[in-house]
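K.L.:
Here's the letter readout for the chains.
Number of protein chains: 2
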Amino acid sequence: MKIVVSGLGIIGASLCASLRAAGYPVYGKNRSENVVEYALEHGMIDGEEKSYEDADVVFLALPPAVTMRELDTAKFKDGAIVADICGVKGVLERLVFSRPRNYRYVGTHPMAGKETSGIRSASATLFKGANFIVTSCERTDPDALETVETLARAMGFGRIVHCTAAEHDRKIAITSQLAHIVSNAYVKSPYAAKSWGFTGGSFQDMTRIAGVDENLWTELYFCNRESLLEETEGLIERLTEYRDALASCDEEKMRALLREGREKREEIRRGR
Amino acid sequence: MKIVVSGLGIIGASLCASLRAAGYPVYGKNRSENVVEYALEHGMIDGEEKSYEDADVVFLALPPAVTMRELDTAKFKDGAIVADICGVKGVLERLVFSRPRNYRYVGTHPMAGKETSGIRSASATLFKGANFIVTSCERTDPDALETVETLARAMGFGRIVHCTAAEHDRKIAITSQLAHIVSNAYVKSPYAAKSWGFTGGSFQDMTRIAGVDENLWTELYFCNRESLLEETEGLIERLTEYRDALASCDEEKMRALLREGREKREEIRRGR
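Each protein sequence line maps, in turn, to chains D and A.
Numbering-wise, the numbering used here puts 261 at position 261 of the first sequence, and it's gapless, one number per residue.
Numbering-wise, the numbering used here puts 4 at position 4 of the second sequence, and it's gapless, one number per residue.
Chain D extracted, bound-state conformation:
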């Protein structure tokens, strides 16, 4: 089984390194030669590969727009398994199944990452214990799905989560996408920059992921625009309730709002 990983950023290079650590031969494809050399020097790949045509399994570890171009126009071997790792799944699935393909598509979303990006942040242990989401529909090939899951377990993922692309996109809007917007907006308070010495754990938590790559995340957001818009509007509406309680000096209302949030959090923790 020949595996090719396209795109050696933090996720792609970690896919390579963790698969190779598990004994699978892996070939890397990347437009920058420096990155391929880094991967070779650090033992992340067995060699470079410039095309997908010999590959039995291809992982596309690329931003959404490039992934879509590859899924739509690149040449794959007949029956090859082609998996992407994008943080949005609906638009990709719709594209792939819009016409017959000679390859077998599996959508995945490895729920791991860091605040930093690029191959220098990659490691063979990045995925250890993390969730691996696999999306499928009635047109997904069951054998291809099984192979991808086997490889995910070899990479060290702790749990394989199955769902539809639509379910993935709806949930990812609140569990990840909106969190990045909030963090990015939070840090812009005029007083945030003047407040070192005052920050405890809550400020660190709130702003850790503020430094997103604006190009990648804008792409991700607009591939999931409706769900994210709904979540953003929902949060603004909820925050406005706290604002109104403050503005109208309504302590009872504030107490009720905070109680509701505390109970909701306890409910979520119990349900875990």
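Just so you know, the hints here were simulated from the structure itself, not pulled from any lab data.
Note that beta-carbon positions come from the ideal geometry of N, C-alpha and C, so glycine has one too.
Wrong hints could be hidden among the right ones.
Pair by pair, the computed Cβ-Cβ distance ranges are [to be verified]:
no., chain 1, residue 1, chain 2, residue 2, range
1, A, K253, D, R94, 53 to 63 Å
2, A, G158, D, R120, 27 to 37 Å
3, A, R159, D, E37, 42 to 52 Å
4, D, R153, A, E251, 33 to 43 Å
5, D, T125, A, G23, 41 to 51 Å
6, A, A193, D, H42, 52 to 62 Å
7, D, Q204, A, E138, 31 to 41 Å
8, D, G158, A, R94, 33 to 43 Å
9, D, R159, A, G23, 46 to 56 Å
With chain D's structure known, arrange chain A on it following the hints.
P.N.:
Relative to chain D, chain A alone:
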């Protein structure tokens, strides 16, 4: 020097335990006998104390309203140092200096805590390396201030930060108070509860502090209402910009907003 700590919750009992570990004799005051017994059994205090009248140093580790009542009506020894640990400082300082007092007041805010509260969460090492904020004005006694700082260092705090009560309250609105509101509001998304398996670090960060004690935090918020209202409105306005970019399909605007946040965060980190 006789030290009395009133209120043996997580902060008060940790004050006791860390001072005692540093060799200071400490007496505890708490309305519930069970709590006093727990403190005695766990070696956090040398003994129980029912009044402040013999104390050279008193720490009031109580919610804002009770702290204000004590500062205004309790009997202290002439010249005693009385420090509070509330998360708001302006209202307390104004109350204390509204008329002559026979004690010397110092406002403090230990920047440490946990998601849990009560004496069972207390420890002699809670403050290790944390920031200790001391507020003062022209009416603060310099010797009292120095004694409180000496005790804070003995408790293990890593850094003593000086400021006015007004500066403290303005900064705490963004570094702590608003973070708790956002977390509390974030967790209420209808999809949050359905999304286990989808959550990575960003969701955990965003919701860790959602489970606030609604009574304490409502008090804190209304003691700092204007600053917190301004910060809440500022965040709602900023979030509305991202919302508008999504609603109007303006990718360029979204990219610019995210870039601005990333640069702001880098600026804050550099300034640290």
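K.L.:
Against this structure, judge whether each hint is valid.
P.N.:
Hints, one by one, checked against the model:
no., hint, in the structure
1, A:K253 x D:R94: 53 to 63 Å, "violated, 26 Å"
2, A:G158 x D:R120: 27 to 37 Å, "holds, 31 Å"
3, A:R159 x D:E37: 42 to 52 Å, "holds, 44 Å"
4, D:R153 x A:E251: 33 to 43 Å, "holds, 37 Å"
5, D:T125 x A:G23: 41 to 51 Å, "holds, 44 Å"
6, A:A193 x D:H42: 52 to 62 Å, "violated, 41 Å"
7, D:Q204 x A:E138: 31 to 41 Å, "holds, 34 Å"
8, D:G158 x A:R94: 33 to 43 Å, "violated, 53 Å"
9, D:R159 x A:G23: 46 to 56 Å, "holds, 49 Å"
Hint check: violations occur at hints 1, 6 and 8; the rest are consistent with the structure.
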